[in-house]
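In case you want the letters, here they are:
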Amino acid sequence: MIRLFANANYDFIKWRRRAYAITALIMLAGAFDLAIRGLNYSIEFTGGTLLQVETKTVVPVAQIRQALDAVGLRGAEIQTFGSDTSYVIRARITAAAAERQATDTLAVAAAVGRALDASAGAGQYRVVRTESVQPKVGKELQGKAFLAIVLSFFVTLIYLAARFEWRFGLAAVLATAHDVLATIAFISLMHLEVSLIVVGAVLTVVGYSLNDTIIIFDRVRENLHKYRRQNLYEILNLSINETLPRSVLTHGTTIATTLALLVLAGEVIRPFAWVMTFGIFTGTFSSIYIAAPILLLIEKRWPGEDARGARALGARAPTPVPTGPAPVAPKAAPAPGPKVPAR
Amino acid sequence: MTIRTRLIVIGALAAVSVFALIPRNVTQRVYDAGNGRMKDTTVRQVPISLGLDLRGGIHLALEVDESKGPVPDCADAIQRAERVVRTRIDEFGTREPVVQIQGRCRLIVELAGESDPARAKSIIQRTAFLEFRITDMKNQFQNALPQIDGALRRAGVKARGATPSAVSQLFGSDTSKAGRDSAADANTPGVLSSLLFQGQLPGEFLVPEEQWMVVDSLIQRPDVRQLIPRGLDLKWGAQVESRGARSYRAVYAVEARPIITGEELTKAQARRDQLTNQSVVEFTLSRRGGRKFAEETARHINDYMAIILDGRVQGQPPVIRGQIATHGQIELGTKPLQEASDLALVLRAGALPAPLTIVDEQTIGPSLGADSINDGIRAGVVGVALVILIMVGYYRLSGVLAVSALTLYCLFTLAGLAILKSTLTLPGLAGFVLSIGIAVDANVLIFERIREELVHGKSLRLAVEDGFKHAMNAIVDSNVSTALTAFILYLVGTGPVKGFAITLIIGIAASMVSAIFVVKTLFLIWLQRRPAMTTLSV
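Protein chains in written order, with this note's numbering: chain V, 408 to 750; chain W, 891 to 1428.
It is possible that some hints are incorrect.
[Said to hold, decoys possible] Pairwise CB distance ranges (calculated):
1. V/476 to W/1294: 52 to 62 Å
2. V/429 to W/902: 43 to 53 Å
3. V/674 to W/1174: 48 to 58 Å
4. W/1226 to V/477: 44 to 54 Å
5. W/1267 to V/562: 31 to 41 Å
6. V/562 to W/1109: 51 to 61 Å
Keep in mind that the hints were calculated from the coordinates and are not lab data. Yeah, the Cβ is synthetic: ideal placement off N, Cα and C, and Gly gets one too.
Working from the sequences, and respecting the hints, build out all of it.
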């Protein structure tokens, strides 16, 4: 029997400050990048026209660009897409030209057609995908994506408040908010295109990270009943260590599938797979280093009734000696936890 | 629950799933292009339909066009437009077209397998409002021209372009001396009248092609509109005509009241006129419309009748030689027959209540879709193989149980997609692959619990029992919260993202059944078969 991290006893919480530093570094870099370059929104969000073209022979991007300039389609983005003979051409709608260009899809398509006739030769290329969105729709989508993330936080908060306690819910949601920010920083640093699929990936990361946090919190809730003498600091460490084998296994299988998607599933899915792969890391990280310490912090600040608050206060000195008046229920009560509120 | 009942439940679930996934023959009513009627055909339908991004096609999102004036109730307009568009699309000949209202005021049209967006758009977007109006037989507009010129001169609009003398040279027309004489009286060429050349029939004027925009902006001016005689309208011709070396566009003064509209039309059919080699759309009016039409045409014998489609006069207005009843035709000149049959199609389906504008348009080539499917399946196979490797390598026999439950998981998820009639999109495919990695989480949680219980010195049976029981809380809480986020994604998302969310939700439900119920049953069978077993391969 292989046993990874069985009876592990790492002091995870001790390293929380270093963990904060790492995540702050990623986010700062991301924020900096975001301020300079901004997010690379897809046509769905900005409005504009996209054409995906496959050519029979390799045509240099510079040549296509020249031809596009020649037919008056300036400022279009040209990228190879997965292979040397596949290109994506994007003509975004800028705010100034929005009204004029709004209905110009066919004009753009025709201009690209002329340019390709000139650079690749007629019959040497094939338009495999076109997409044209008015800016109005893009605005709506941005609003909806934002709404989806905020709504999911809200619903989770309510669910966790009902199933656990509001302190757990808040800690889980804050950890997840961290994941969203870190993921946005990652998207910005990698310069991934923000499309609807990527927004979907961010929301999946939200779900996955919550899932992971809940598994640990579930252990915490159980251990709080089981070990009446330990303080919250120790309980958190214990719970993280106990769930460590599970974390390694589940993250392992999930990473296996996202890596398969990343490498094999093609260009369209790649941004999604990148976000998910990063999301698994940040989700795991935040469950341990954000959710747990924040729970500690919240319990310190607004101590819950009963044992939990006392334990949290005791966490200032991470010793197994219970401090304070410790209004603990009869010692070592393995019976269904009598005084823990809001289960 | 005994093992027996458990097995029956699993068997029943699997049977239902397999049944849901069997391709079957479905009878559909489709449009027969041969004779223009609907007919029944039987098609073999695969239960999970592929999204446009996987099989290629056209996706359009349309809204009411408010650029030419506000539309008071867009929801109502879209609802009526949906019926018209659906009728048109049904005749278009696409298999399983999607026409649905999204939100309040948006119409989604999806045509799988089509690759000519221009044609699809022209059929969907065409308002197809047909009307017949008598031209200005009394030359009222022409008589009003001097006044209009005067008003324009007072407003400070300068004349430019051709001189009236050019007109007489060009056409040698003699029908309406009055108009030109009065313009000549003013000594300077009139601003508007200098641009209008008398046509061949009452109420017809020709404008040089390069100047029609100028004329259009002049006749749109409120002060000019006011001076156009009551009961008259100006309508542009649909085609550009060439006379000699120059091209002209016709503008017609027509009565504001149509003698009949396309609402009374029951049939329309395209045909090619053998004699003139012209494309022609023949139409038939309803009985009521026919009576009305006969009455009106009887009163207007020898008058000219303009056929106006979407505000443009089609061809040159013909003269009414005698009473016309229920049959008529629209001449389209040298346009291809395809265009004529498309016009016949939209006329049959009826007019749109308001013009529609396209806000989102996507075309995906079929080859791209096929590539996506292949790549997705390849990634899925490799991903699953890795998951199997990890699970069996780590948990040995228990891992084998989990993997066999994973097969049922795939079956249940696909069946769920089929039962909910959801379409499989590319993000959905990715979500499915990802969910396989996440689906084993419940088993991991359970197995780790069983190991812990064993370490605590519990007996095999008790460890298995307690392992399942204690892992339950974590599994339920984590899955419910994931399902909640997926549900929000479903509510807020559109198109492919919705498909992704559905796949995720079904996946969660299926994984609960397979990882908990099925795996536990397998464990129970295992323990029953080996009562003497002292160590568990977990």
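Each hint tested on the structure:
Between residue 476 of chain V and residue 1294 of chain W the CB atoms are about 60 Å apart, so this pair conforms to the stated range of 52 to 62 Å. At about 51 Å, the CB distance of residue 429 of chain V to residue 902 of chain W agrees with the hint of 43 to 53 Å. A beta carbon spacing of about 53 Å between residue 674 of chain V and residue 1174 of chain W agrees with the range 48 to 58 Å that was offered as a hint. Taken as a hint, the range 44 to 54 Å is violated for the pair residue 1226 of chain W and residue 477 of chain V, whose Cβ atoms sit roughly 32 Å apart.
Between residue 1267 of chain W and residue 562 of chain V the CB atoms are about 34 Å apart, so this pair conforms to the stated range of 31 to 41 Å. As the Cβ distance of residue 562 of chain V to residue 1109 of chain W is approximately 58 Å, the hint placing it in 51 to 61 Å holds.
Hint 4 from the earlier list is the only one contradicted by this structure; the remaining hints agree with it.
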